[in-house]
Amino acid sequence: MKNSSSYTGIAYLFLAPALILMGIFTFWPVGYNAYLAFNDYSISDGVATWNNFAHFKYIYEEELFHQALKNSLLYLLIVPVIQVAALLVAKLVNNKLPGMTFFRAAFYIPVITAVSIAGVVWINVYKYDGILTWFLQMIHVIPQGSEGQVDWLGNPDIALYGVMLFTFWKGIGWFMVLYLAGLQAIPKEVEEAAILDGANVFQRFWKITVPMVKPTILLCTLMSTIAALKTFQEVIILTKGQADTYTSLFYVYDQAFRNYNFGRAAAAGLVVTFFCMILAAIQFRFLGEKK
Amino acid sequence: MAMGKQLQTALTLTGQYAGLVAFAIFTTFPFLWALSVALSADPSNTWLFPRSFWPTDLSLMWFKRVFDEMPFMVYMKNSTLITIESIIGVVFISILAGYPLARLRFPGRNFIFVAILATMMLPSEVAIIPNFITLKHLGLLDTHLGVIVPNFAAAFGIFLMKQAFEAVPQDLVDAARVDGATEMQILWRVMVPVSGPSIAALGIFSLVNAWNDYLWPSIVISTRDKLPLAVGVFNDLTGPFATSYSMVMAAIVMTVIPVLIFFAFTQRFFIGGMDGAVK
Chain A
1 MKNSSSYTGI AYLFLAPALI LMGIFTFWPV GYNAYLAFND YSISDGVATW
51 NNFAHFKYIY EEELFHQALK NSLLYLLIVP VIQVAALLVA KLVNNKLPGM
101 TFFRAAFYIP VITAVSIAGV VWINVYKYDG ILTWFLQMIH VIPQGSEGQV
151 DWLGNPDIAL YGVMLFTFWK GIGWFMVLYL AGLQAIPKEV EEAAILDGAN
201 VFQRFWKITV PMVKPTILLC TLMSTIAALK TFQEVIILTK GQADTYTSLF
251 YVYDQAFRNY NFGRAAAAGL VVTFFCMILA AIQFRFLGEK K
Chain B
1001 MAMGKQLQTA LTLTGQYAGL VAFAIFTTFP FLWALSVALS ADPSNTWLFP
1051 RSFWPTDLSL MWFKRVFDEM PFMVYMKNST LITIESIIGV VFISILAGYP
1101 LARLRFPGRN FIFVAILATM MLPSEVAIIP NFITLKHLGL LDTHLGVIVP
1151 NFAAAFGIFL MKQAFEAVPQ DLVDAARVDG ATEMQILWRV MVPVSGPSIA
1201 ALGIFSLVNA WNDYLWPSIV ISTRDKLPLA VGVFNDLTGP FATSYSMVMA
1251 AIVMTVIPVL IFFAFTQRFF IGGMDGAVK
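Chains as they are written, first to last, in this note's numbering: chain A, 1 to 291; chain B, 1001 to 1279.
Take the hints with a grain of salt, since some may be wrong.
Okay, derived cross-link-like pairs now, DSSO-like style, lysine-lysine, Cα gap no bigger than 30 Å in a straight line [unchecked claim]:
hint, chain 1, residue 1, chain 2, residue 2
1, A, 207, B, 1077
2, B, 1005, A, 91
3, A, 96, B, 1005
4, A, 170, B, 1226
5, A, 240, B, 1136
6, B, 1226, A, 240
7, B, 1064, B, 1077
8, A, 188, A, 214
9, A, 240, B, 1077
10, A, 57, A, 240
11, B, 1077, A, 188
12, A, 127, B, 1064
Source of the hints: derived by calculation from the structure; they are not laboratory data. Remember, it's a predicted structure, so these values are computed and weren't measured experimentally.
Kindly generate the complete structure, drawing on both the sequences and the hints.
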C-alpha cells in the first residue's frame, strides 16, 4: 500500500484543470472585483487609480442604490414561501400514484425554460388585459371591465411582487426535485411506525419529514436566499428596472454596462457579496447541524 | 368501518390529484396559452380568455414564418454546439476534481474543498465585469469558447461527483489497486462506470444551464449569427417581431420543445441522480 503523501502529486494533477479555471474565472474575479471597487477604472486603457473610497461614499449616499438594496432585501420574502411550497409539492409528487411522471415533468417545465423566453410569455400574462387580469376578474378579486384592469408590471406598488411571482413559478420545480431526492432517502418504516402510533398528517410532517430533510432544507434555503439577493435577470427581462423593481445586481449591471463605471459597479457588487456572506453565515448558524 | 376507511382513502386520493392538477395548471398555463395562440391562424381571439386556450382556425403558418423570417436554425445550431461543449467540459472537469476530493488523502484537501464550496455562496454575477475584462485580454469576446469556458469548473458539479464517488465501495477500489491499476484507470474504469446516475444528473443539469443561459452569452456575443436560442430569439421577439403575438408565441413554443423532449426521456435519471446532491 502506498502511503498518503504519494497521492499528493496525482491529486493535484486531477484537481489542476478545475483549480486553474476556477482561479481564472471565479477566485480572481472576486479579488479583482474587490480591487476595482476601490479604484477608478478606465475602460479604454485599462488603468485603475485609487480613489479613497469614492465609490462607497457615492453609493452610500445615492438614493437609487438604497432603493435597489431595499428591493433586494424585500425579495427575500420569496424564500420561505418558495421553500414551504416546494417541500409540500415534493411531498405530493413523492406518492406512487398513476401519472406521477407526467406531473413531475409538468412542474419542471418552467425550470427547463430559458428565463428570457419564459419572461416574454409572462410579460403577456401581466398585460393589463392579460391572463392574470382575466383570472382575478373571474374569481371576483378585482372589479370587472376596464376599471379592474391593472398594468401589473408598470405599477410601482406591485411590480416587484409580479417579478417575485415569476421567480416563484420559475424556481419551485428545481427545489421540488432537490426535496424529492431528500424525501426518497427517508426509510419507509419510520413513517409507517408513526402512522401506527396514531400520528396525524401534520404531526408526521413536522415531526418526521421536516427533521429528516433538514440538510436539504438548509441547502435549498441557502440557494434560494442567494438567488433572491442576486435577482436580476428576471428584472431586466420583465420590467427593465422600471416601476421600482431596481434590484442591487441590476444596479451593478446598469453601472457597468450602461454607465461603463466599472469601479462603482464593483463597489456595489462587493456590498451584495457581503450581504450574501452574512446571510449564509446566519443560516448555517440556525439551520445547520453540527457534524 | 371498512366503508369509512375506503371513503377516506378515496377522499385523500381525490385531494392529492386536485392538488397535482391545480399545480400543473399553474406551471403550464403560460405555455398552453402560447401553444394555442401559435396554432391559431386567426389571432383575433388571443386576448379573449378562456376562449384563447384553444386554437382558432388550426394552422402551422406561424411556425413556418418563424423559420422563414428568423435565423431560427442558426440559433438552434449555436445552442446545440454550446450545450454539447459545455456538458463535455463540465462533466470531465467535475469527474477529475471530484475523485481526489472523495477518495485520496493529501495535504490541503479540506482547504480546497471548502474553498470550492464557498464559491456556491458568492453571487456569480459579481464576476461578470472581471471575466469580461479577462475575455477581452484573451481575445475570446464574441466567441463560443468565451461563453462556455468560464462555466466549466462549477462547484455544484464537483460537489455532486465527490458525493457520488464517496458512495463507491472501497472493495472495488482495493481490487483494482491489487491488480496494479493506476489512479487514472481506477477513476475511468471503476468509479465512472458505477456512478452513471450521478453523471447523468450532472449532464442534464449542465444541459439545462447551458441551453438556457441568457445573461452571459448576451454580454459575450455581439454577432447575431453566433447567438444561442435563449438570446437570439429573445432579441428578435422583443425587437423586430414584437408586433406579431402569434409569431412570438410560435417561436417560444419552438424554443421550449427541444428541451422538453429531451427532459421527457431523461427525467428518471435526473431525479434519481440528484440524490447525491443532498445527502
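Point to revise | 30 Å Cα cutoff - pair residue 1005 of chain B, residue 91 of chain A | key: Answer holds: residue 1005 of chain B to residue 91 of chain A is near 22 Å, not above 30 Å.
Review point. Is residue 96 of chain A close enough to residue 1005 of chain B, meaning Cα to Cα at most 30 Å?
Key: Given that 30 Å is the threshold and the Cα spacing comes to 19 Å, the pair holds.
Check your understanding: Do the alpha carbons of residue 240 of chain A and residue 1077 of chain B lie within 30 Å of each other, as the hint requires?
Key -> 29 Å, holds
Review point. Does residue 1064 of chain B pair with residue 1077 of chain B here, judged by a C-alpha cut-off of 30 Å?
Key: Distance of about 18 Å is within 30 Å: holds.
Review point. Residue 207 of chain A and residue 1077 of chain B: Cα distance at most 30 Å?
Key: 51 Å, violated
Review point. Within a Cα-Cα threshold of 30 Å, do residue 1226 of chain B and residue 240 of chain A meet the stated pairing?
Key: Between residue 1226 of chain B and residue 240 of chain A the Cα gap is close to 24 Å, so the pair holds against 30 Å.
Exercise for review: Starting from residue 57 of chain A, check that the Cα of residue 240 of chain A is at most 30 Å away, please.
Suggested key: 26 Å, holds
Review point. Is the hinted pair residue 170 of chain A and residue 1226 of chain B satisfied, with a Cα-Cα distance of at most 30 Å?
Key: 27 Å, holds
Exercise for review: For the pair supplied as a hint, residue 240 of chain A and residue 1136 of chain B, confirm whether the alpha-carbon distance does not exceed 30 Å.
Suggested key: Holds. Residue 240 of chain A to residue 1136 of chain B sits at ~26 Å (cutoff 30 Å).
Exercise for review: Verify the proposed pairing of residue 127 of chain A with residue 1064 of chain B, using a straight-line Cα cut of 30 Å.
Suggested key: Holds - the C-alpha atoms of residue 1064 of chain B and residue 127 of chain A are around 27 Å apart, at most 30 Å.
Review point. Do the alpha carbons of residue 1077 of chain B and residue 188 of chain A lie within 30 Å of each other, as the hint requires?
Key: This hinted pair is violated, its Cα atoms lying about 46 Å apart.
Exercise for review: Mind checking the alpha carbons of residue 188 of chain A and residue 214 of chain A for me, to see if they're no more than 30 Å apart?
Suggested key: 17 Å, holds
When each numbered hint is compared with the structure, violations occur for hints 1, 11.
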